[in-house]
Amino acid sequence: MNCSFDDLLSVLRSIPGATLWLGLAAVLLPLWVVLLCSRRARGLRAEMLPAVFLLVAAITIALNLSLLVGSGDERTWKEFRPAEGTLFARSLELPLNAYTCGNESLLFLDGYLGGRTLVVSRGGGRRIWDDNGSYLVSAETGKELIFAEIEFADYDDHLSERQVELLLRRRHYGVGIPGRNYAVFVMERRQGSGKVYLFSDGSAFYVLPEALVPEVAGLQIGEGK
Amino acid sequence: MTRKTSPLGLAAILAALSGVVALAALAVRSGAGDFRVGRLEEINERNFYFCPPRHLSTLIRPGESLIVRPRNISPGLLERLEFRMEIATRDDRPYRMVRTPYAKGEASWRFDETGQYVLSIGVRDTRHGGERALRKADVFVAPGIKHAGQMSSQAAADMAPSRASKMVRETAGAAILLALGISALAAFRSRLRLGWIMLIAFPAGVGIWTCLSLAVLILHVGCSGWLMGCLVGALCVAGASAAAWGGGWTFRDIRNLLLFFAGFLAAAVLLARFDFSMLMWDSWRYLIFGRRLAFFGGLEHAANYPREYGVLAALTQSMSVFLDLDFFAVLQPLLCLSTFGFVGWSLYERWREGGRSAFASAGFVVVLLACVLTAYMPAASSVWLLPNTFTGVFLLLALVVLAESISKGSRPLLALGCLFTICSSFCRIEGPIAALAILAAYFVVKRPDRDDLRLFYVPYFLAVAAWNVTIWAAFDISGGSEFLTVPKMVVMLGANAAVLAAAVACQRRQRIDRFLRSCVRLLPGFLLAVGIGVGLKDYHHAGCNLLSLAENLFAAGYWGGLWLMMLLLLPFALLAGRFRGERFFGFAILVMFLMTFDLFLFRPSWLRVHVMDSGNRMFIHYYMLLAYFIGCKLANAGEQGTQTT
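In the order they appear, the protein sequences are chains A and B. Numbered according to this note's numbering, the first sequence spans residues 1 to 225. Numbered according to this note's numbering, the second sequence spans residues 1001 to 1645.
None of these hints come from the bench; they were simulated from the model. Note that the Cβ used here is the ideal one computed from N, Cα and C, for glycine as well. Just to be clear, a hint being listed does not mean it is correct.
[As the list claims (entries may be wrong)] Some chain B residues well away from chain A (every beta-carbon gap over 12 Å; in silico):
| no. | residue |
| --- | --- |
| 1 | V1216 |
| 2 | N1256 |
| 3 | G1344 |
| 4 | R1356 |
| 5 | L1453 |
| 6 | G1494 |
| 7 | V1504 |
[Claimed, not checked] Okay, the calculated bits of chain A under chain B, using three or more residues with CB under 8 Å as the criterion:
| no. | segment |
| --- | --- |
| 8 | 11-21 |
| 9 | 27-36 |
[Stated by the list, open to error] To be clear about the criterion: a stretch of chain B counts as covered by chain A if any three or more of its residues have a C-beta under 8 Å from a C-beta of chain A, and this derived list gives those stretches:
| no. | segment |
| --- | --- |
| 10 | 1103-1109 |
| 11 | 1370-1381 |
| 12 | 1401-1413 |
| 13 | 1566-1578 |
Only chain A is shown next, with the shape it has when bound in the complex (with noise of 0.2 Å):
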């Protein structure tokens, strides 16, 4: 795993209002400066504290608003909180595509579920539900079995490969993006073949018969309902 500096600026990029705070920041700075070292501004800190907490805390009072109703920005309450899950929906029709990234494969099931983008990352092995991986290991059979996480992402906002690239890198085995519903994504892997069973956040379940990551493209997708 890397932690490179544009992964630094990356997750500063993704601040909610950035600009804003960023703005802020640069106000503040210079003003702060003068309270501390001026000795003629010292006598203005019973004004100026008061006057800077309701400035930054009406900032953030709407940015905090703004998360809650979902307006200017995608990521709202809603999505953080619990959502429910039904066993079995709708059939899906999925172009797939697959693309290599280093160690990683990724698999991209494009149009799933009418305008989102599924992004596969395969753990390469290591455990990825701490509480659950000891479980799921199946020692009867000796099969093993790999566990990853699938993230979903708008369709509008498809992404690159360079992207998931740097999406898995920084997030070590592929965690998902936050506010975001997750998936478990198991394959079976025996001897350069096997099945892949792809769970979806609960709205749809699929079989993706006799595969392996890497090679996917061109797959039967499994029927569904």
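Given chain A's structure and the hints, the job is docking chain B onto it.
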């Protein structure tokens, strides 16, 4: 001019309060009703809680069968499908797993033992062959559950306890805890402000309940509703008697107290009515843990929970068994409500002390609390059964109360601070290590005297040692647990024993006192050096963990703009004059933050960008602490002088 009450009048009013509680308790018993238990007939979006990102969860009682019957499938396809279940235990080691044979149309399994299971549902298409794994679900089999399963059919809904009955029980539970806290604090009216008594009463009640339950568990006397009821009743009577004896109450005080009591119960009724509670992931485990303790009356049937989870959240939920509830939903929201109220009141007092108008002070408090409560994590963690919320509440209360006790030399406040420190250390398995920050700060700012030993260091050490030794004796911790290991236990007990020994030694010799306290003053520097050293050694690990943490706190939206606000305001706050208790408060916060960052660097697993990430949840401990610190500093914005503590 207010008129003083006679002890007799006060006793009468407190007796009336106790009567209200007794009536509430009676209502609990009489409202139990006859609830038949149904069975889970199908899994769908309504009868399962969906725990993001991966799991469905359901709560049933022993002897209940879980039947999986799919829906929304075409008859043709359904005819071809066969289902089976794979059930694995979660709280027993080694893991046990059973598989049911494939059955047409549905699959079922009867859960006879309480515990936590993972249910995997498999499906087979008889025409094309091949197995498909469908869905995983957590099944929590808890004792004494009335409303088994979350059934979706109308018949099941009819069997559910009535909303009114549930509201009465929840409110009665809240009233009992509040009365317990008020009666314990009322005896110290002459030394405690009424606002403090009212707002701290509920957390104090929760703390006293926890300590009583712990004592019962440690002494192996069999935890039962009768025993706990008698103990609580005896404490209430003793507290009321002491309050009547001690005096200091006026009619105005009692009127205000009764109004507060009524308002609190109204809040409890509303919270029970609109039940905002969230149960996800570990919430279920704490619920089962607590229900096992109360239902079976001891640690014998507690499985592995005591060595993997902090006991406080479980003990608070053990009340749900005595109250005949499945889940005591209003407890945590009321605890947070009390704490936010206390923070607001305390900050208001400090701003008023700074010479500001009541309007300006109240406005400041409202704005600060609005900043906090409009962010997702603070609001969600108030209703989400999590040990982190309890930790945050009790850490804050312990620091505020102890800071006040230092500045005023108040023994009741010291004892109360000790109670909250004990509670904070029981919230999580590694709680005693986190509570060391409080002990270290207290040690640094105040030379230990006899009162400190009697009311703080010794009770704290005894409580922590007694519980940990009990676990050590009752469970195998030599490799069976990922959380409570022998080295961790030794560090916890050893470090706390060392603090106690240091406090005793400081009483004997002034030179030792100076030396030891100087050493402890170096603790932040030591933690910082350790963090830098470990971080440089494995900078990829450290960098990625910090990056994930930064994304959680600033960019993911879980905290809104709260932590950015803190970052921007902290330098300005530091320009203000010192407030009462700042040295103690500031030292404790600094040590806590450094310990947390060191922990992130030491832990072998990675932090991740997720709402339930361990690092993200740990900041639930600190947001209110830091907000309170900034608020106190800004209250002294015009002051240039310094305080001693």
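Right, here's what the structure says about each hint:
No beta-carbon of chain A is positioned within 12 Å of the beta-carbon of B:V1216; the least distance is around 31 Å. B:N1256, annotated as away from the interface, keeps every beta carbon of chain A farther than 12 Å; the closest lies near 30 Å. Even its closest Cβ contact with chain A, about 14 Å, leaves B:G1344 beyond 12 Å, as expected for a residue assigned away from the interface. Not every CB of chain A is more than 12 Å from the CB of B:R1356 (nearest about 9 Å), against its label as outside the interface.
Taking the minimum C-beta to C-beta distance to chain A, about 40 Å, the non-interface status of B:L1453 holds against the 12 Å cut. At roughly 28 Å from the closest C-beta of chain A, the C-beta of B:G1494 stays outside 12 Å, upholding its exclusion from the interface. Consistency note on B:V1504: stated as away from chain A, and its beta-carbon is indeed over 12 Å from all of that chain's, at 41 Å minimum. Under a criterion of three residues with beta carbons nearer than 8 Å to beta carbons of chain B, the stated coverage of the segment 11-21 of chain A is upheld, 7 such residues being counted.
With 4 residues bearing a CB less than 8 Å from a CB of chain B, the segment 27-36 of chain A meets the requirement of three and the coverage assertion stands. Residues of the segment 1103-1109 of chain B with a Cβ under 8 Å from some Cβ of chain A number 0, which does not satisfy the need for three, so the listed coverage is violated. Counting residues of the segment 1370-1381 of chain B whose CB lies closer than 8 Å to any CB of chain A gives 6, which reaches the minimum of 3, so the coverage claim holds. Requiring three or more residues with a Cβ within less than 8 Å of a Cβ of chain A, the coverage given for the segment 1401-1413 of chain B is violated, as only 0 such residues are present.
With a threshold of 8 Å between beta carbons, the proposed coverage of the segment 1566-1578 of chain B by chain A holds, since 7 of its residues qualify and at least three are required.
Hint violations for this structure: numbers 4, 10 and 12, all remaining hints satisfied.
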